[in-house]
Amino acid sequence: MSTTTGLGQTPYSVQVGIPAAALKAKRVRRRLDLTLWERLYVAEIVRGLVVTSKHFFINMIGFIFPPAGKKRKVFTVYYPEEQLALPPAYRGRPVLVADADGKEKCVACGLCEKMCPAHAISIVAEEKAPGERYPARYTLDMGRCVYCGYCEEVCPKEAIVMSDEYQGLAQRDRSQLRFEKEQLLRPEGKVKTRLSYVRRIYSKWNY
Amino acid sequence: MLADLIESLAKIVFIFTVNVGVFAPILGWVERKQSAVMQDRIGANRADILGFTAIGLFHSLADALKLLTKEDFVPANANKFFHTLAPFIALVPAIAAFAIIPFGGRYELFGREINLVIADLDVGILYVFALAGLATYGTVLAGWSSRSNWSLLGGLRASAQMLSYEVAMGLSIIGVIIVYGSLRLTDIGAMQEDFFRWGIFLQPVGFIIYMTCAIAENKRIPFDIPEAESELVAGYFTEYSGMKFVMFWMAEFLEMVTISAIVTTLFFGAWHIPFVTDAMLLSWFQSAGPNGAAALAMLVNIVVFFAKVSFFIWLQMTIRWTLPRFRYDQVMRMCWKMLLPLSLINLSITGLVVLLL
Amino acid sequence: MSEISKDLHTEYMVINMGPSHPVTHGTVKFLATLEGETIVDLDVEIGYLHRGFEKMCENSTWQQVIPYTDRLNYVSPLINNTGYALAVEKLLGIDVPERCKYLRVIACELSRLSDHLTNVAAAGLELGAFTAFLYFVEARELVWDLIESLCGARVTVNYVRIGGLKNDLPERFEEKVRYVFKEVRRLWVDVDKLLTKNRIFIDRVRGVGAISAEEAIAYGFTGPCLRACGVPYDVRKAQPYLVYDRMDFEVPIGETGDNYDKYLVRMEEIQQSMRIVEQALAQMPDGPINVRLPQVRMEPKEKIYSRIDSLIYHFKTVIEGIKPPPGEVYQAVEGGNGELGFYLVSDGSGKPYKCRVRPPCFALTAAMPRLVKGRLLADIVPTFDMINMIGGECDR
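Taken in order, these protein sequences are the chains called G, B and R. Going by our numbering, 1185 is the number at position 203 of the first sequence; the sequence numbering is gapless. Going by our numbering, 327 is the number at position 313 of the second sequence; the sequence numbering is gapless. Going by our numbering, 327 is the number at position 169 of the third sequence; the sequence numbering is gapless.
None of these hints come from the bench; they were simulated from the model. Fair warning: this is a prediction, and the values are worked out from it, not measured in the lab. Using N, Cα and C, we set each Cβ at its ideal position, and we do this for glycine too. Do not take every clue at face value.
Claimed, not checked - Each computed BS3-like pair below joins lysine-lysine, with the alpha-carbon atoms no more than 30 angstroms apart:
hint	chain 1	residue 1	chain 2	residue 2
1	R	Lys481	G	Lys1186
2	G	Lys1085	R	Lys474
3	G	Lys1174	R	Lys334
4	R	Lys474	R	Lys248
5	R	Lys481	G	Lys1096
6	R	Lys512	G	Lys1096
7	R	Lys340	R	Lys351
8	G	Lys1110	G	Lys1096
9	G	Lys1186	R	Lys461
10	G	Lys1036	G	Lys1110
11	G	Lys1053	G	Lys1139
12	G	Lys1139	R	Lys355
13	G	Lys1036	B	Lys25
14	G	Lys1172	R	Lys334
15	R	Lys461	R	Lys509
16	R	Lys351	G	Lys1053
17	B	Lys80	B	Lys94
18	R	Lys340	G	Lys1186
19	G	Lys1052	G	Lys1036
20	G	Lys1186	G	Lys1139
21	B	Lys351	R	Lys355
22	G	Lys1096	R	Lys351
23	G	Lys1085	G	Lys1174
24	R	Lys334	G	Lys1163
25	G	Lys1052	R	Lys259
26	G	Lys1186	R	Lys474
27	R	Lys531	R	Lys259
28	R	Lys355	R	Lys248
29	R	Lys351	B	Lys47
What the hints assert, rightly or not - Have a look at the derived ranges for each label pair, beta carbon to beta carbon:
hint	chain 1	residue 1	chain 2	residue 2	range
30	G	Lys1186	R	Glu216	51 to 57 angstroms
31	G	His1101	R	Asp199	43 to 49 angstroms
32	G	Leu1066	R	Lys512	39 to 45 angstroms
33	B	Thr31	G	Arg1160	58 to 64 angstroms
34	G	Glu1162	R	Glu332	40 to 46 angstroms
35	G	His1101	R	Lys512	19 to 25 angstroms
Stated by the list, open to error - Computed footprint of chain R on chain G, listed as stretches where at least three residues anywhere in the stretch have a Cβ under 8 angstroms from a Cβ of chain R:
hint	segment
36	1070 to 1084
37	1105 to 1115
38	1119 to 1130
In isolation and in its complexed conformation, chain G is listed as follows (with noise of 0.2 angstroms):
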């Protein structure tokens, strides 16, 4: 296409230096001939007003006679009554997984501490014995993590995990978003989808 724009009635390629067989531009569809009826308004109210009539009419119908599966045609998932599905990839609060005994896995090596982005996790770390490390205090401020994922990307025990728990999040005052380590602590069984999960994206066949 050899049309030119006003910069110094260059063609297109030379300007912006892409050869021409890979810039592939398209105009736009500018300069619209409008029909009489259309610069009149009429012909494009009419078809706007089918349009959302369409819309309209389908959706009435849905109410009544719901297609296949569903509970209405229209796009609202009515909640808190319905709930989403939430995919397996989904991201919700960080919980710590506890073993069959109810201890937490957590060795407190202290990196999803350095890892996280808004510095949420605080950690006071002991030794129960010689080379058995377990967090004394394990503090986890709500108020100030950003379900970003990478505590559980670099656990090295999966021991936290991102469940699926969207709810329930919300205190009325922030000392009580710190959360400690007995409101963290999931039994396993629990996060059992979301454990499965991790392992799979992060084995070496997904890698």
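Given chain G, put chains B and R in place with the hints provided.
Showing chains B and R alone in chain G's frame:
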């Protein structure tokens, strides 16, 4: 004498109930639900009484209660008298305009001739235009008395828009008046008994012009620049809260009903069913005796009238939710350079045709 | 002022369209000096969303910066992630595997879809076409559902890593993409019918905010706004990164640079983005998505659990950060609004010495007074909409 009084009172009470009692709250609900269904949503339906949600109808009640209990403030530098007066001036013409609209024909009931219209004035349609002129003051006063830059802009735009469109509106109706030869709305309605004498066939251009001008008078999208939500926050009623806000809002809805009623009366056969004359209607109910037949015919005509009114309200709402809004100068240009010449041409052609035929 | 008003005591009215105003979506303040309804002068004040992105980057490791980049242009976060990761990889001098490049292209185009859908929707909303807004918001919800299934969050995605990606595609992604694109195309047709030839809409946006190509380049425009002026500059074609040189797509250009052209360019780019995603999904090879350098990218968890050297690399890169050699680099990607540039300076430690972002909408907002002077107050609305100033990007 007494019977006349009772009849008038009955009609007034009926219209008032239907308008303010039924239409205003229902229209709030319709606006929410209709826009929601058009936009693939459910709409507001959570307000309930004792766990019983009536698909969202209680939201109107909840809104009214909430707005009643809001603090009623007047801005610091505002002109208090006009600030309080403006909503009333906006609301009263919208309600009063219904006085001349016939919602049914003439019936012989128990020896009396009942004319289903509150006031059968011989100036008919001019009464409505007079009231529309009054309604302009409400908006202008609201904008000016709030002493805020934004409200002032809204009031300015409103005054220019409403005044201009009144002129075009009046001219568009004159064509109808020439064709039917009478200003009385009851006469115009009665003359539309024959389906092919409906106003829409005799004055199609007049219908389009009138509809456009009426939506512009009512300040609905696409002409809602005085209250353009995204430019002027809320335009001329930015500084209003509580019941006064409700009055502006109700005035808008009731004027929608009025516009629909006038369009039905002038262009779409008023209370008539297509291809059914009055005599045919009465003959359907012959078995109920003359009084019963008249009563049933009256009922049918009222239902038909309000059904048509509802259709035009639906149409106005669909237009509102579909189209973007004009810019201020485009509104003015459309009125003075497009609608006014068009209505004058329409008028001249109508006059010529009536003269020659 | 006009001749008549010289005798009358008139004055200009100063209106403050302040930081919180229904039309300024993004916190920005306009001080408009009006004569009646005509704008005599416009003063733009930004910075209400300044959060100190560059300063924060100086105190975080290279990997910790990635969630911060999500929050730059928050309607197209994956593009920001990709831009930053590409810049750091340029510093490191490494190249990611093929599959990773294709996946990054898919992620970028999905984000670009979300950006353009949001912009056109907001333009419709502020001009009063509420239904067009909600149709495109529905389309955007579907695209966000796709992104959520890919990486777990809709807006703060944190998906791209330095040297690769967080995870591969989820199951049945192609199926979901097919379904979502069918719906988006259906809604696109609806909004097209509602707006494109609508005389009311055209009268609002055509001829408003026009700017010539030379002036646009002088201001530093890039992206859809520059393409609307007729200059076919697209970073994806001019300096191809990732695998854009293997993708077959067209670059829509306008003519006069007014709002209508910007709208048309964005609508066409929505279609082109969908084309790119479909091509990338078809052409994508199998293979690894991360580069095999433990000093840069975390190794698979089996290795970390079992080998000591992997564990040590893991600990060192997390605690000290990856260590690119000292130097500086500039990497530009095509963001939703234009050329999004990252200028990184490394001093050899694990934290960036400087991380400067070139926000595309900064130049566009700077041109606002030029675009709107002499026009009516109501023209600020569509002009500012089509510029698509995203507060997070302009103010960082």
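task: Compare the structure with the hints numbered earlier in the document and write down the numbers of the violated ones, lowest to highest.
output: 10, 11, 12, 13, 18, 22, 24, 25, 27, 28, 30, 37
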